[in-house]
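Student: Can you build the whole structure from these sequences, using the hints too?
Just so you know, we're using the numbering used here here: the sequence shown kicks off at 4 and counts up by one.
There is no bait here: all hints are sound.
Keeping only pairs whose Cα atoms sit at most 25 Å apart, straight-line, the calculated SDA-like set for lysine to any residue is:
(1) Lys245 / Ala42
(2) Lys229 / Leu140
(3) Lys245 / Ala92
(4) Lys245 / Thr59
(5) Lys229 / Gly217
(6) Lys245 / Leu188
(7) Lys229 / Pro214
(8) Lys229 / Asp207
(9) Lys245 / Asp114
(10) Lys229 / Gly25
(11) Lys245 / Thr192
By construction, these hints were calculated from the structure, which means they are not laboratory data.
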Amino acid sequence: MTRRSQEKAAALGHPSYVWRAGQQRRLQLISRWACVADADVLVDGAGIGMYSRHLTALGGRVISVDIDFPSMVSARQAVVDCLVSACEALPFASGSFDTVLSHEVLEHVQDDARSLAEIARVLRPNGRLVLFVPNRLYPFETHGHYWKGEYHFGNTPFINWLPDRWRNQLAPHVRVYSPAHLQRLIASTGLRILHHSQIYPGYDNIIHRAPLLGRLIRGLTYGLEKTPLRVFGISHFVVAEK
4 MTRRSQEKAA ALGHPSYVWR AGQQRRLQLI SRWACVADAD VLVDGAGIGM
54 YSRHLTALGG RVISVDIDFP SMVSARQAVV DCLVSACEAL PFASGSFDTV
104 LSHEVLEHVQ DDARSLAEIA RVLRPNGRLV LFVPNRLYPF ETHGHYWKGE
154 YHFGNTPFIN WLPDRWRNQL APHVRVYSPA HLQRLIASTG LRILHHSQIY
204 PGYDNIIHRA PLLGRLIRGL TYGLEKTPLR VFGISHFVVA EK
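Tutor: Dropping the structure here:
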């Protein structure tokens, strides 16, 4: 991957290009908490359509939107209904969807409050938003960072623990959310939070390189999700209902 493509991936939040156990686990969370089978589902910020394809396989009538045209061209190879659109101005009538998935997208949009308001608008009564966004308390910034105007790809420790004035200079290309910040944003839309927790990563890359070590780390951190230490997980997992 070239430096320019790395910067684009960081700015747009491209999802993984492979489907592994971590993605499968998140898919199970989505289908557990929201209607998928025989439901109208919007994947808001669908990237190349990985989740769209699997939600379709579960029986959802899935529409995928993303602001990146090349991503939608790639997604079209596996899923049918793909549209180029900004999250802040969804091209759908109010009350169009039973479920909206926003998976690691909100941190990249121009206006996160407006994007959530649009999601609330297109949901039907009792429809559900399933939301994954980065957790500020996770010890690593996974979208890389900037130093002296130069972008550095990869995980960077402790950036998100810095005060805003320093953190936002190092990672101006991506937001990160504390629990209180996220809850205020969702409350402003009128949606009601049904579930809010933090989850740890699947460590699929570590498991690929060192299976025993990776599985040990995965088991330990998944266990932390059942304790107060879940607050240090990589992502917030939120389900909100209209």
